[in-house]
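With chain C held as given, fit chain H onto it using these hints.
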Amino acid sequence: MAILLLFVCILALVLINVPIAVALGVVAVVAMVAAQGLDSLPNVAIVMYNGATNFPLLAIPLFILAGAIMNASGISRRLIALASALLGFIRGGLAMVSVGTSLFFAEISGSAVADVAALGSVLIPSMKKRGYPGTFAAAVMSSSATLAVIIPPSIPMILYAVMADTSVVQLFVAGIVPGILGGLGLMAMAYWFAVRYNYPVEEAFAWTNVRRTFREAAWALLLPLIILGGIFGGVVTATEGAALAVVAALFIGLGVYRELDMRILREALVEGGVQTAVVMLLVAASALLGVHLTETQVPQRLAGAIIDFTSNKWAVLAILNVLFLLLGLILHSAAAIILTVPIVMPLVKQVGIDPVHFGLIVTINLGIGQQTPPVASVLATACAIAREDMWEVTKKNVYFIGVLVAVLLLVTYVPVTGMGLVNLFYR
Amino acid sequence: MTSYARLRAAFERLLEWIVIALMTVLFLEVTVGVVFRAAGASLVWYDEVASILLAWLTYYASALAALKRAHIGFPGLVRGLEPRFRVPMVLFAEALVIAFFVLLAWVGYTVLEVLATDHLVSLPTVPVALTQSVIPIGATLYVIAELLNLPQVLAEARGRPVVVHESALAEKLH
Numbered sequence: 001m002a003i004l005l006l007f008v009c010i011l012a013l014v015l016i017n018v019p020i021a022v023a024l025g026v027v028a029v030v031a032m033v034a035a036q037g038l039d040s041l042p043n044v045a046i047v048m049y050n051g052a053t054n055f056p057l058l059a060i061p062l063f064i065l066a067g068a069i070m071n072a073s074g075i076s077r078r079l080i081a082l083a084s085a086l087l088g089f090i091r092g093g094l095a096m097v098s099v100g101t102s103l104f105f106a107e108i109s110g111s112a113v114a115d116v117a118a119l120g121s122v123l124i125p126s127m128k129k130r131g132y133p134g135t136f137a138a139a140v141m142s143s144s145a146t147l148a149v150i151i152p153p154s155i156p157m158i159l160y161a162v163m164a165d166t167s168v169v170q171l172f173v174a175g176i177v178p179g180i181l182g183g184l185g186l187m188a189m190a191y192w193f194a195v196r197y198n199y200p201v202e203e204a205f206a207w208t209n210v211r212r213t214f215r216e217a218a219w220a221l222l223l224p225l226i227i228l229g230g231i232f233g234g235v236v237t238a239t240e241g242a243a244l245a246v247v248a249a250l251f252i253g254l255g256v257y258r259e260l261d262m263r264i265l266r267e268a269l270v271e272g273g274v275q276t277a278v279v280m281l282l283v284a285a286s287a288l289l290g291v292h293l294t295e296t297q298v299p300q301r302l303a304g305a306i307i308d309f310t311s312n313k314w315a316v317l318a319i320l321n322v323l324f325l326l327l328g329l330i331l332h333s334a335a336a337i338i339l340t341v342p343i344v345m346p347l348v349k350q351v352g353i354d355p356v357h358f359g360l361i362v363t364i365n366l367g368i369g370q371q372t373p374p375v376a377s378v379l380a381t382a383c384a385i386a387r388e389d390m391w392e393v394t395k396k397n398v399y400f401i402g403v404l405v406a407v408l409l410l411v412t413y414v415p416v417t418g419m420g421l422v423n424l425f426y427r
Numbered sequence: 001m002t003s004y005a006r007l008r009a010a011f012e013r014l015l016e017w018i019v020i021a022l023m024t025v026l027f028l029e030v031t032v033g034v035v036f037r038a039a040g041a042s043l044v045w046y047d048e049v050a051s052i053l054l055a056w057l058t059y060y061a062s063a064l065a066a067l068k069r070a071h072i073g074f075p076g077l078v079r080g081l082e083p084r085f086r087v088p089m090v091l092f093a094e095a096l097v098i099a100f101f102v103l104l105a106w107v108g109y110t111v112l113e114v115l116a117t118d119h120l121v122s123l124p125t126v127p128v129a130l131t132q133s134v135i136p137i138g139a140t141l142y143v144i145a146e147l148l149n150l151p152q153v154l155a156e157a158r159g160r161p162v163v164v165h166e167s168a169l170a171e172k173l174h
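So the protein sequences, as listed, match chains C and H. Numbered according to my numbering, the first sequence spans residues 1 to 427. Numbered according to my numbering, the second sequence spans residues 1 to 174.
Next comes chain C alone, as it looks inside the complex (with noise of 0.2 Å):
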C-alpha cells in the first residue's frame, strides 16, 4: 500500500509538471524521512552526488557531443547525396533516401531527435516541393529517425546497460540486424505507399553520380567503421569509443570538411553538457529512490507478485512489452528507463530472460514510443518542421509504426534476430 501511495504521489507531481527528476526526489526524500527521521537528511547529498558518478554514463555526453559536431560539420547533407545516388531512381525516390540517410546517420549518432533534426530540416521540404504530401513527408521522416536507438551507438541502450548492470558493447551489437531489418521494412512501406500514391522518381540510376557522392561522403562513412569497429573489437570501451568519435567529428569538421567554426563548437558543447545534464539529474534522483526501492524489496516483491501469476518466459515478455508500449505513450525513454528498468529487472531475471535480449526489446519499444502521441518527441519534432498537425501525421505513420511494431515482435519471440551476433561473437 505504501509503495502505490509512492508511485501515486509521483504521478500527481509528474502531472502537476514538476520535473521528474525532482518530482522522483522529493517522493524519495518524504518516503526516507518518514521511514528513518531527520537524520537520514545528509545521506540525500551524499546519494544524489555519487548518482551522478557513473563512470559508463560518460559516454552520453561524449556521444552526445560528436554528433552535434558532425551534424555541424556538413555530413548529413553529403550522407543525403549518397543516398539520393542510390535510391533516388526507385518510385518515391525522396521517401527511400530519407529512410536510406538514416540508416546512415543511425550509426554515427545515438539520439533519434537529433537525427529527424539534422535530415528532416533538409528532406521534409524537398519532399514537399516534389509534391509529397507534408503529412506522408512527417510520417516517413519521423519513423526512420528511431533506427538511430536501434542501430549502435545508441543513447537509451547506454543508459539501459547502466540501469541493468549488463554489456553495453553486447546491446550495441544486438541492435544491427533489427535496425536494419526496420530500415528495410520501412523502406518496403515507403515504396507501398508510392507506387499507392504515384509519388515521384528522382534521378535515373548512374556510377558516376555513385562514385562522385561516395568520393564526397567517405568520411563520414568512415567514421562508424573507427567508432563501432574500434568498440566491438574490444580495443576501446564505449566510453572511450565515444571520445574516439569527438577527435574523429573534429578532425573531419576542422581538417577535411572545414565547415565546423567556433561559435558552432561552442554551441554544441553548451547544447551536450545541457542534454547529458537532463539525464543524469534523472539517474541521480532515481538513485535516491532506489535506496528507499532497496530497503522496502519492491523490486523482488513485484517480481514474486507477477511469477504468482505466471513464470513463462514468454507471457512475461509479452506483459511487459504491453508495459512499455504503454509507458512509450506518457514518459520520455530516458524517464522509462531510469524509472522501470531497475525496478522489473529482478522479474526478468528470475523468469530467465537474457538482460541483453530485454535491453533490446526496452530500446525497440520505446522507439515506438517516440512515435506514438501525447508524448512523441520524434514525431513532434517532425510535425513542428512539416507544419502539420501531430494527429493527421499519426493517420499516416500508423503504418511505418506498425512495421517497428513487427520488428519488435521478431526480436522478441525469434530471439535469434537480435542475439544472433552476440552469440556469435561474445559468447
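By construction, these hints were calculated from the structure, which means they are not laboratory data. Predicted model, so just to flag it, every value in this text is computed and none were measured. From the three backbone atoms N, C-alpha and C, an ideal C-beta is built for every residue, glycine too. Not one of these hints is a red herring.
So, partial list: chain H residues that the calculated Cβ filter (under 10 Å) puts toward chain C: (1) L22; (2) M23; (3) T24; (4) R37; (5) D47; (6) L53; (7) L64; (8) A66; (9) K68; (10) P75; (11) L104; (12) Y109; (13) V114; (14) V134; (15) A139.
Then chain H, alone, in the frame of chain C:
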C-alpha cells in the same frame, strides 16, 4: 534591455562557460586516458577524476537546463487548464522545486563539514569536500535559475502572451 533581462543573460552566459569548460576538460581527460592506456601507462586517477567531472557537469549544467526549462516534465495537463486553476498549480510546482533544491543545498553544505578530513583515493592531495562542493553550489545555482524564470513562468500561467524560452534540448536525447 531591462536590468532583469541583463541579469538573466549574464547568469546564462556564466553557466554556459562553466559547462563549456567542463565538457572540454571531460573530453580531454578521457582522450588523454585512452592515449596513456594504449601506451601501456594507465593513469591511476583517470576513472575517479572522470566520474567527478561527470557529477560536476550534471549539477552545473542542470542549473543551465533549469534556466532553459529543458528538464523533462509533463506540461500538457497544466497548460490545458483555465488560468485560475493553472496559476496555483504552477506556483505549487515551482515552490516544490525550489524547496527541494534549498534542502539539497543545505544538506550538501552540512555534509562538507563531515567530509572535511577525507581525500580522494587516487589523488590524496585533493579533499573530498572540494569534489562534493558541487552539491550545495549546484543546488544554489538551480534555485537562482528557478527564481529568474519565475516572472516568465507566472506570466505564461496567467495566459499573457510572452516570449517563450522553453528549449527542446531535453527532447534530443531520444
